[in-house]
Amino acid sequence: MSLQPVTLSRRFSVAPMMDWTDRHCRFFLRVLSKNALLYTEMVTTGALLNGDHERFLRHNEAEHPLALQLGGSVPLDLAACARMAEEHGYDEVNLNVGCPSDRVQNNMIGACLMGHPQLVADCVKAMRDAVSIPVTVKHRIGINGRDSYAELCDFVGTVRDAGCTSFTVHARIAILEGLSPKENRDIPPLRYDVAAQLKADFPELEIVLNGGIKTMEACHEHLQTFDGVMLGREAYHNPYLLAEVDQQLFGSTAPVISRAEALAQLRPYIAEHLLAGGAMHHITRHVLGLGTGFPGARKFRQLLSVDIHKAKDPLALLDQAAELLEGR
Numbered sequence: 051m052s053l054q055p056v057t058l059s060r061r062f063s064v065a066p067m068m069d070w071t072d073r074h075c076r077f078f079l080r081v082l083s084k085n086a087l088l089y090t091e092m093v094t095t096g097a098l099l100n101g102d103h104e105r106f107l108r109h110n111e112a113e114h115p116l117a118l119q120l121g122g123s124v125p126l127d128l129a130a131c132a133r134m135a136e137e138h139g140y141d142e143v144n145l146n147v148g149c150p151s152d153r154v155q156n157n158m159i160g161a162c163l164m165g166h167p168q169l170v171a172d173c174v175k176a177m178r179d180a181v182s183i184p185v186t187v188k189h190r191i192g193i194n195g196r197d198s199y200a201e202l203c204d205f206v207g208t209v210r211d212a213g214c215t216s217f218t219v220h221a222r223i224a225i226l227e228g229l230s231p232k233e234n235r236d237i238p239p240l241r242y243d244v245a246a247q248l249k250a251d252f253p254e255l256e257i258v259l260n261g262g263i264k265t266m267e268a269c270h271e272h273l274q275t276f277d278g279v280m281l282g283r284e285a286y287h288n289p290y291l292l293a294e295v296d297q298q299l300f301g302s303t304a305p306v307i308s309r310a311e312a313l314a315q316l317r318p319y320i321a322e323h324l325l326a327g328g329a330m331h332h333i334t335r336h337v338l339g340l341g342t343g344f345p346g347a348r349k350f351r352q353l354l355s356v357d358i359h360k361a362k363d364p365l366a367l368l369d370q371a372a373e374l375l376e377g378r
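Note that the numbering used here has the sequence shown beginning at 51, numbered continuously upward.
In case anyone wonders, no lab produced these hints; they're calculated from the structure. Be aware that a few hints might be false.
[As the list claims (entries may be wrong)] In silico EDC-like cross-links for lysine to aspartate or glutamate, where the CA-CA straight-line distance does not exceed 16 Å: (1) Lys264 with Glu284; (2) Lys175 with Asp211; (3) Lys84 with Glu111; (4) Lys232 with Asp69; (5) Lys249 with Glu271; (6) Lys349 with Asp369; (7) Lys349 with Glu322; (8) Lys84 with Glu373; (9) Lys264 with Glu294; (10) Lys249 with Glu284; (11) Lys84 with Asp127; (12) Lys249 with Asp277; (13) Lys84 with Glu294; (14) Lys349 with Glu376; (15) Lys84 with Asp141; (16) Lys175 with Asp127; (17) Lys84 with Asp296; (18) Lys264 with Asp236.
Required output: the full structure, derived from the provided sequences and hints.
Structural data, given as structure tokens:
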């Protein structure tokens with residue numbers, strides 16, 4: 051039986067991150083927050099259409115609300131993949147127009163698409179015609195050689211005219227030559243003012259801010275201007291930040307979950323994964339960030355990242371790590 055997904059809100063979301071936001075990571079983050087919108091890693095249309103799509107689309111019902119991020123630029127392919135997303139129960143499908151990696155540029159995926167607003171509009175229209183779930187776009191404020199505010203407005207306006215009403219804006223340009231994807235997350239300066247101007251000029255659109263947000267205080271501040279905030283690396287490296295999201299941003303009156311309770315709730319999921327032949331580190335690699343900022347934190351991380359590979363009884367090791375979280 052399918053659980054009814056929580057009503058979709060983009061007030062707080064965790065960004066799609068390659069090699070990080072897999073299904074195990076998302077299950078863990080959902081333990082910490084019931085309301086945060088979670089995104090998959092970017093999946094290319096080629097991987098879904100020509101590969102093992104069940105492996106890419108698989109998720110646990112508990113992960114909702116959940117969005118699939120697609121990489122691609124062929125409208126018919128994106129429409130077919132959006133249909134797969136809807137059939138597999140995803141609550142939203144998102145088009146990546148922000149990833150600056152060379153590999154994706156060569157296939158016309160990601161940030162290079164900012165130079166082709168009409169193509170993005172055609173992609174969005176094809177996806178919207180194919181599904182009834184929301185179709186959204188995540189993009190940069192520009193790319194080198196096309197980074198004026200007028201060009202950003204042309205991009206957003208063109209895609210809006212194809213029916214897209216929700217845009218997640220990573221408030222940096224992408225430098226498509228000479229910078230690695232990692233450098234593109236740090237070197238181009240953050241320009242929250244440009245994203246704020248976009249919200250002012252397109253008040254009818256939902257504008258979600260992404261890039262450099264690290265604290266609940268910053269979330270509250272940005273929510274004065276924007277419709278939502280999306281956190282990436284901070285949510286991964288310091289996941290316990292999510293424990294306060296429901297209370298602070300969604301009005302929940304439930305008590306804030308402790309680190310120890312979060313790991314205890316994850317234990318049955320880990321046990322099930324082990325029974326199915328999986329390795330514990332597939333899941334616990336995403337949990338290391340729980341061990342930050344208290345005595346014993348280093349030992350916690352060592353148990354679950356180093357010792358785990360030689361443990362004969364992984365669950366006993368997990369319980370040992372859990373003891374270090376007691377009262378935290």
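Can you name, in rising order, the numbers of the hints this structure does not satisfy? 7, 8, 10, 11
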